[in-house]
Every structure is written in C-alpha cells, then in structure tokens.
Amino acid sequence: IGATLLWPRKPSWELQTLDFDKEQLSGLISAFTGSSNGTGTMPSMAFKASVKLNNPNFVAATAEPGNFAILFNDMHMGTGTSVTLDVPARSSVLIPVNVSVDLNSKLVQDLNHAVIAENFVLPIMAMGSAEVTVLTGFHVHCQVECKIRASVLKLLSEPAGVVSEQDCTYHYDF
Numbered sequence: 005i006g007a008t009l010l011w012p013r014k015p016s017w018e019l020q021t022l023d024f025d026k027e028q029l030s031g032l033i034s035a036f037t038g039s040s041n042g043t044g045t046m047p048s049m050a051f052k053a054s055v056k057l058n059n060p061n062f063v064a065a066t067a068e069p070g071n072f073a074i075l076f077n078d079m080h081m082g083t084g085t086s087v088t089l090d091v092p093a094r095s096s097v098l099i100p101v102n103v104s105v106d107l108n109s110k111l112v113q114d115l116n117h118a119v120i121a122e123n124f125v126l127p128i129m130a131m132g133s134a135e136v137t138v139l140t141g142f143h144v145h146c147q148v149e150c151k152i153r154a155s156v157l158k159l160l161s162e163p164a165g166v167v168s169e170q171d172c173t174y175h176y177d178f
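The numbers in the sequence shown follow the working numbering, run straight up by one, and end at 178.
Please note: incorrect hints may appear among the correct ones.
Unchecked claim - Computed Cβ-Cβ distance ranges for the label pairs, DEER-style: (1) THR88 to HIS117: 35 to 41 Å; (2) ALA118 to ASN58: 28 to 34 Å; (3) VAL87 to ASP25: 17 to 23 Å; (4) PRO163 to PHE62: 30 to 36 Å; (5) ASP23 to ALA93: 28 to 34 Å; (6) ALA64 to ASP106: 32 to 38 Å.
Simulated from the structure, these hints should not be mistaken for laboratory data.
Beta carbons are placed, not taken as given, at the ideal position from N, Cα and C, and that holds for glycine.
Please build the complete structure, drawing on both the sequences and the hints.
Below is the structure:
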C-alpha cells in the first residue's frame with residue numbers, strides 16, 4: 005500500500021494569466037502579415053504568465069527552478085523559466101512563469117502557414133524539466149513534454165485562453 009500511495013500521479017496544469025506588451029504583439033502581427041521591417045529577425049517577446057498546477061500526489065514537494073523550451077516543428081522558438089516553489093500534497097498552486105519568444109523570418113513564415121492551415125490554431129511543443137525534492141530530501145528529476153494547440157486569436161481578446169488543448173507526458177528519474 006505504501007508504494008501505491010507514493011507512486012507519482014500525473015499532475016495537470018492550466019494557464020491562468022498571460023501578460024505581455026501590446027506593442028510586441030503588434031510587431032508579431034506585422035511579421036505575420038508581411039509588413040515587418042524585413043531584417044529577418046524580430047526582437048525577443050517577453051511574456052509573464054501564471055500557471056495553476058494541480059498536484060494529485062499524496063506527498064508535498066519542493067520544485068527547484070524549472071526550464072522549458074518551446075518548439076514548433078522541432079524548431080526552437082522560445083524558452084521559459086519557473087521559480088522555486090513549495091507544492092503541498094493534493095492541492096493546487098499558482099506558478100509564476102517567464103517566457104521569451106525569439107522568432108526569425110523563416111520561423112515566422114512557417115508559423116504563418118501553419119496558423120492559416122490550422123484555422124488560427126498553432127500546434128507547438130513545450131519540453132521542460134525541474135528537480136523536485138520530496139519526503140525530506142529525496143530528489144526526483146521531473147521531465148514533461150506537452151503537445152499544445154494554441155488559439156492565436158485569443159491573444160487579442162482573452163490571452164489566458166490561448167491554450168485550447170494540451171496533452172502532456174511526464175517522466176521521472178529517481
């Protein structure tokens with residue numbers, strides 16, 4: 005019974021807030037519509053988000069800062085970080101997340117084609133990891149891969165609703 009109670013259960017997450025500079029969004033829209041400055045690169049776009057993490061496990065954990073990459077068709081398009089956080093057992097917590105998106109003209113062109121083909125939904129992948137401490141010092145390396153479908157039009161009206169679908173796989177190294 006002890007092993008059953010301690011075996012990791014799949015957490016879940018939901019985007020709660022997504023904040024960004026509206027001028028950056030205008031630059032992104034210009035790039036997508038072909039009216040950007042034509043230099044081939046765009047300035048980094050910074051996003052601040054909060055993610056509600058649901059921990060279904062029977063043990064509390066302390067997660068060290070996490071890092072993740074955002075990919076489109078295996079092309080790197082951004083990075084993100086989370087802070088150290090205590091996660092109580094069988095509860096939910098809000099995690100502040102910083103995201104930086106770096107685009108070039110080739111990636112923007114590929115994104116544009118995908119968005120149009122997918123009716124303004126962008127399929128992306130987020131891959132991340134963090135070291136987690138449980139049970140007074142037991143360290144676990146947690147990795148996650150999430151297939152995400154992002155409704156890009158929501159960036160204009162309801163940024164927190166941009167994630168329309170997600171399918172995550174978790175891996176643990178003890």
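Comparing the hints with the structure gives:
no. : hint                        : in the structure
1   : THR88 to HIS117: 35 to 41 Å : 39 Å, holds
2   : ALA118 to ASN58: 28 to 34 Å : 30 Å, holds
3   : VAL87 to ASP25: 17 to 23 Å  : 21 Å, holds
4   : PRO163 to PHE62: 30 to 36 Å : 34 Å, holds
5   : ASP23 to ALA93: 28 to 34 Å  : 30 Å, holds
6   : ALA64 to ASP106: 32 to 38 Å : 36 Å, holds
No hint from the list above goes unmet by this structure.
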